[in-house]
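Note that the sequence shown covers residues 476 to 708 in the numbering used here.
Just so you know, the hints here were simulated from the structure itself, not pulled from any lab data. None of these values were measured; they are calculated from a predicted model. Treat each hint with caution, since some may be false.
Derived pair list, reagent style DSBU-like, types lysine-lysine, alpha-carbon separation capped at 35 Å [to be verified]:
1) K549 - K624
2) K560 - K578
3) K549 - K560
4) K590 - K666
5) K624 - K590
6) K613 - K590
7) K549 - K578
8) K624 - K557
9) K632 - K666
10) K613 - K666
11) K632 - K560
12) K613 - K549
13) K549 - K632
14) K624 - K560
15) K613 - K600
16) K557 - K590
17) K632 - K600
18) K628 - K549
19) K613 - K628
20) K613 - K557
21) K560 - K628
22) K590 - K560
23) K557 - K600
24) K624 - K600
25) K666 - K624
26) K557 - K628
27) K600 - K628
28) K578 - K666
29) K613 - K632
If you anchor each label on the Cβ, the simulated ranges turn out as follows [claimed, not checked]:
30) R608 - R636: 27 to 35 Å
31) D612 - K578: 28 to 36 Å
32) Y550 - R636: 22 to 30 Å
33) R552 - D612: 49 to 57 Å
34) G634 - I614: 24 to 32 Å
35) G532 - K632: 53 to 61 Å
36) R608 - D665: 50 to 58 Å
37) Q515 - K624: 25 to 33 Å
38) G519 - V663: 20 to 28 Å
39) E514 - H545: 37 to 45 Å
40) K624 - D665: 50 to 58 Å
Don't be surprised by glycine CBs; every beta carbon is placed ideally from N, CA and C.
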Amino acid sequence: MAPPPSGPACDSNSESACQDGYLTDATSTTSIPPEYYIEQWQNGDELEYLKQDYSPGTTVLLDRTEEQWHQFAKYIRQGPIKLYKGIRLNLLRAFFDWLLNQKTGRGGRRLRGTKYRSYLGTYWKLYRLVFDRATGDKINGQINRSMQKVLCKLATKHGLREFGREKPCIRPQALLELRYKHIDASIVRDKGGGPDRFLLEFGFEFTKNFLGAKDVYGYRARGFGLSAIKICD
Numbered sequence: 476m477a478p479p480p481s482g483p484a485c486d487s488n489s490e491s492a493c494q495d496g497y498l499t500d501a502t503s504t505t506s507i508p509p510e511y512y513i514e515q516w517q518n519g520d521e522l523e524y525l526k527q528d529y530s531p532g533t534t535v536l537l538d539r540t541e542e543q544w545h546q547f548a549k550y551i552r553q554g555p556i557k558l559y560k561g562i563r564l565n566l567l568r569a570f571f572d573w574l575l576n577q578k579t580g581r582g583g584r585r586l587r588g589t590k591y592r593s594y595l596g597t598y599w600k601l602y603r604l605v606f607d608r609a610t611g612d613k614i615n616g617q618i619n620r621s622m623q624k625v626l627c628k629l630a631t632k633h634g635l636r637e638f639g640r641e642k643p644c645i646r647p648q649a650l651l652e653l654r655y656k657h658i659d660a661s662i663v664r665d666k667g668g669g670p671d672r673f674l675l676e677f678g679f680e681f682t683k684n685f686l687g688a689k690d691v692y693g694y695r696a697r698g699f700g701l702s703a704i705k706i707c708d
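Take these sequences, add in the hints, and give me the full structure.
Structure representation (structure tokens):
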């Protein structure tokens, strides 16, 4: 917002005059009629803004987890919504134990199964989002904290390995979209009289942006002379 107008009228004794530029005329006949805003207030669809937005890939995972919850509820002859309302630690332990015991999928297809402890943690995160999406509430903190012990014991029971494969440190598609406009080159003078340092700054503006644009994510490459360039944070 621009600063209040300055001038002779803008002093400590005429504060109201300084604000005239920001006041609106509520009686103006040329403004949009009040019914327009009343309609938004009383009949607007708030659910459109309250619901959580997820990327298509995440939505697929959530739908799959929700389907597994429904399958579990059917297997123990209970309604999935009823189970949501009566969520307890023992129920969650039973569900994840059942999930780890599944060997075949649709059409008798053999499942790959869960091999690593980290995957079990991912399933738990997905389930919490599914619960939130279905009920509009979050699982309480006590259950959330206690589930870490439950998952640890289940991982030991089913012989899950400690570490999975390492995640890749880069996204190839992001590098393919790198252009000259994303690179800034400069020379940094050494105050101690040493050789000049060359600084390259890479700005990635095409990172994940499903929920909207993000700030440019930058990397810096620094080096001494022409013989060495070091990647740093």
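Status of the hints after comparison with the structure:
1. K549 - K624: 26 Å, holds
2. K560 - K578: Holds - the C-alpha atoms of K578 and K560 are around 28 Å apart, at most 35 Å.
3. K549 - K560: Satisfied, since the Cα-Cα distance of roughly 16 Å is no more than 35 Å.
4. K590 - K666: 55 Å, violated
5. K624 - K590: 18 Å, holds
6. K613 - K590: 28 Å, holds
7. K549 - K578: 17 Å, holds
8. K624 - K557: 25 Å, holds
9. K632 - K666: 61 Å, violated
10. K613 - K666: 55 Å, violated
11. K632 - K560: This hinted pair holds, its Cα atoms lying about 28 Å apart.
12. K613 - K549: 23 Å, holds
13. K549 - K632: 24 Å, holds
14. K624 - K560: Satisfied, since the Cα-Cα distance of roughly 22 Å is no more than 35 Å.
15. K613 - K600: Measuring from Cα to Cα gives roughly 12 Å; hence the hint holds.
16. K557 - K590: 31 Å, holds
17. K632 - K600: 20 Å, holds
18. K628 - K549: 25 Å, holds
19. K613 - K628: Distance of about 24 Å is within 35 Å: holds.
20. K613 - K557: 16 Å, holds
21. K560 - K628: OK: K560 and K628 at ~25 Å, within 35 Å.
22. K590 - K560: Status holds; Cα separation ~31 Å.
23. K557 - K600: Holds: K557 and K600 sit about 21 Å apart, inside 35 Å.
24. K624 - K600: It holds: about 15 Å lies between the C-alpha atoms, which stays within 35 Å.
25. K666 - K624: Outside the cut-off at roughly 55 Å; violated.
26. K557 - K628: 26 Å, holds
27. K600 - K628: 17 Å, holds
28. K578 - K666: Given pair K578, K666 is violated - Cα atoms ~66 Å apart, limit 35 Å.
29. K613 - K632: Holds, at about 28 Å.
30. R608 - R636: 27 to 35 Å: Roughly 30 Å apart at Cβ, these two residues keep to the hinted range, so it holds.
31. D612 - K578: 28 to 36 Å: For K578 against D612, whose Cβ atoms are near 33 Å apart, the range 28 to 36 Å holds.
32. Y550 - R636: 22 to 30 Å: 27 Å, holds
33. R552 - D612: 49 to 57 Å: 25 Å, violated
34. G634 - I614: 24 to 32 Å: 27 Å, holds
35. G532 - K632: 53 to 61 Å: 30 Å, violated
36. R608 - D665: 50 to 58 Å: 56 Å, holds
37. Q515 - K624: 25 to 33 Å: 48 Å, violated
38. G519 - V663: 20 to 28 Å: For G519 and V663 the Cβ distance comes to about 54 Å; the hint is violated.
39. E514 - H545: 37 to 45 Å: 38 Å, holds
40. K624 - D665: 50 to 58 Å: 55 Å, holds
Checked against the numbered hints above, the structure breaks hints 4, 9, 10, 25, 28, 33, 35, 37, 38 and satisfies the rest.
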